[in-house]
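Chain order of the listed sequences is A and B. Going letter by letter, the first sequence gives residues 1 to 283 in our numbering. Going letter by letter, the second sequence gives residues 1001 to 1324 in our numbering.
Think of the hints as simulated: they come from the structure by calculation, not from any bench. Ideal Cβ placement from N, Cα and C applies to all residues, glycine included. Please note: incorrect hints may appear among the correct ones.
To be verified - Per the computed footprint, the stretches of chain B lying under chain A, defined by three or more beta-carbons under 8 Å from a beta-carbon of chain A, are:
{"no.": "1", "region": "1010-1017"}
{"no.": "2", "region": "1054-1067"}
{"no.": "3", "region": "1119-1130"}
{"no.": "4", "region": "1139-1145"}
{"no.": "5", "region": "1237-1244"}
{"no.": "6", "region": "1258-1268"}
{"no.": "7", "region": "1286-1292"}
Listed here are the chains, written in short residue letters.
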Amino acid sequence: MKQASMSAKRTTYKTIVYIVCTFLAILSIFPFWIMFMNATRSTYEIQQSSIGIVPSKYFMNNWKILTGKAFSPMTGFVNSMTISVGVTILAVYFSSLTAYALMAYSWKLRQAFFSFIMAILMIPAQLSSIGFYQFIYRIGMTNKFTPLIIPAIASPAMVFFMRQYLMAALPLEIVDSARIDGSREFATFNRIILPIMKPALATQAIFTFVGSWNNLFIPLILLTNKSKYTMPIMVSLLRGDIYKTEYGSVYLGLSLTVLPLFVIYFMLAKYIIAGVALGALKE
Amino acid sequence: MRKKSVSYAKYGYIFSIPFVITFLVFSLYPIIYTLVIGFTDLRGLGVKEFHILRNSEGAIDMFGNFRTVLNNKTFTTSLKNTVIMWVANFIPQIGMALLLTAWFTNRNFKVKGQGAFKVLIYMPNIITAATIAILFNSLFGYPKGPVNDILMKLNIIDGPKNFSLQRGTARGVVAFIQFWMWYGNTMIVLIAGVLGINPHLFEAAEIDGASPTQIFFRVTLPLLRTILLYILVTSMIGGLQMFDIPKLFLNGGPDQATVTSSMFIHGQAFSGSYLYNRASAASMIVFAIIIVLSIILFQVLKDKDEIARRKYLKAQRKAARGRA
Chain A
1 MKQASMSAKR TTYKTIVYIV CTFLAILSIF PFWIMFMNAT RSTYEIQQSS IGIVPSKYFM
61 NNWKILTGKA FSPMTGFVNS MTISVGVTIL AVYFSSLTAY ALMAYSWKLR QAFFSFIMAI
121 LMIPAQLSSI GFYQFIYRIG MTNKFTPLII PAIASPAMVF FMRQYLMAAL PLEIVDSARI
181 DGSREFATFN RIILPIMKPA LATQAIFTFV GSWNNLFIPL ILLTNKSKYT MPIMVSLLRG
241 DIYKTEYGSV YLGLSLTVLP LFVIYFMLAK YIIAGVALGA LKE
Chain B
1001 MRKKSVSYAK YGYIFSIPFV ITFLVFSLYP IIYTLVIGFT DLRGLGVKEF HILRNSEGAI
1061 DMFGNFRTVL NNKTFTTSLK NTVIMWVANF IPQIGMALLL TAWFTNRNFK VKGQGAFKVL
1121 IYMPNIITAA TIAILFNSLF GYPKGPVNDI LMKLNIIDGP KNFSLQRGTA RGVVAFIQFW
1181 MWYGNTMIVL IAGVLGINPH LFEAAEIDGA SPTQIFFRVT LPLLRTILLY ILVTSMIGGL
1241 QMFDIPKLFL NGGPDQATVT SSMFIHGQAF SGSYLYNRAS AASMIVFAII IVLSIILFQV
1301 LKDKDEIARR KYLKAQRKAA RGRA
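Bound-form chain A, shown alone:
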């Protein structure tokens, strides 16, 4: 009797768990599904019924309207790609180098430098944007990509992560034996340490790339020339009056910005999720 009620309770529990999880999974997918489907439907179709479960045949038409106005997906894509690749390479390389300096050498200011990195870990960049803008304006570098890329050399959170990784993964004997073999310090870092750090580099590279790709605030204030717009700035054009009644084209424009991220995500989801979990335990 008691057994039966226990098992009934378990069944109810399981059912609730699966129903809620399935609902949440659909909640994640559904908005994007509507977006992709509506990208192929005409404005008239969308006005008749705003939810399309299956694609229609107006993709080319929407594409023409979309690219015939201000939205230029290729420009946005190339610009975002340039900035994000630059940011990723600089951030990953120099954070590793800084982490290596913190980990492999004993120098007088080492502990102080580490405490300093901990202190600046969470400084909100957006709140110094006025000073940043004025500074870049004065040196005449607005509408250039350099001021968006170079600052990535100092990424305190990544230095912290890389240091934790090095402490766990790098036996200092390797460095010593490289020295005995006559390797210079900088060469040791490039040829021996960096390859060891590959897994950490990959994880951090994904997050940096996606973060940079999605960034809106700083590019928005620095890039005023249309040919320099990044993808998120391009997207913000879809909100303007020029696309007011072109529903299908707006959905298509949104889809174009989501597509590359979807490809990256579903290819690397396992590593990305593991990376989020790893990043949380960095204390």
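Got chain A; can you put chain B on it based on the hints?
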């Protein structure tokens, strides 16, 4: 016997130089610059010269911008909005994340397809916030829009509802978008935290006859304290800078109900009025709020057991030394 040894210490300095220089030039300098501009009369497009702010009688009035900003109704409203929308997103976010964590780490019942659920639930977090804001603007369209259509088909509402006209629903949707984008991230962080707890503790609790619910509230939650603090602080710092979603969802409307402090700062400096000095003062005020709140959170939620344990160890060491 003399041992010849090479000192490698200098490489510690050399390898840190790029980081330090970049930080000084592109982070520290802009912060100080922003702070300084807050005390000056810098305004107008293309203006490069500026002086300490003076009032209309010509006397130096250092804190004039700060006073103006604090007395600006839009600024105080924007602060209020930011806090409301952040809290309205954070409470359900942490609640849902904790619930899912409890389910996915339940030792008696393994959820099948867990990996796929995690992948899908986390997914919105990596999509461009600007895109999501405009997508939701379309989804909540009025009078025809997917959300209205669904709600009407399910008979939840009788006629189409204009979500972007009411303050409450507009803020609610912004909070929902933030929730939807972030609860998956919080969940994965929490699950990692639970997996990091020594399994013997759970076994011991089970042997003592604790129910899964009891174990979750009495064992798991207290041990997640540090991670919860980390989530709270990072979410708060991010939340107080909320920009992309409210900006592109309804551009602050209706009736300034979704204007955030970052939108206020951006609006003062970059959308026509070029009031860099006031925008700087507003930035520094928000900055100060973030610092104060972070310190308070760390103080309140600091692991009290850890402090007690350290004190105990210290006392023991002292006693041991006394004995020796």
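**Asked** Which numbered hints are broken by the structure, listed smallest first?
**Response** 2
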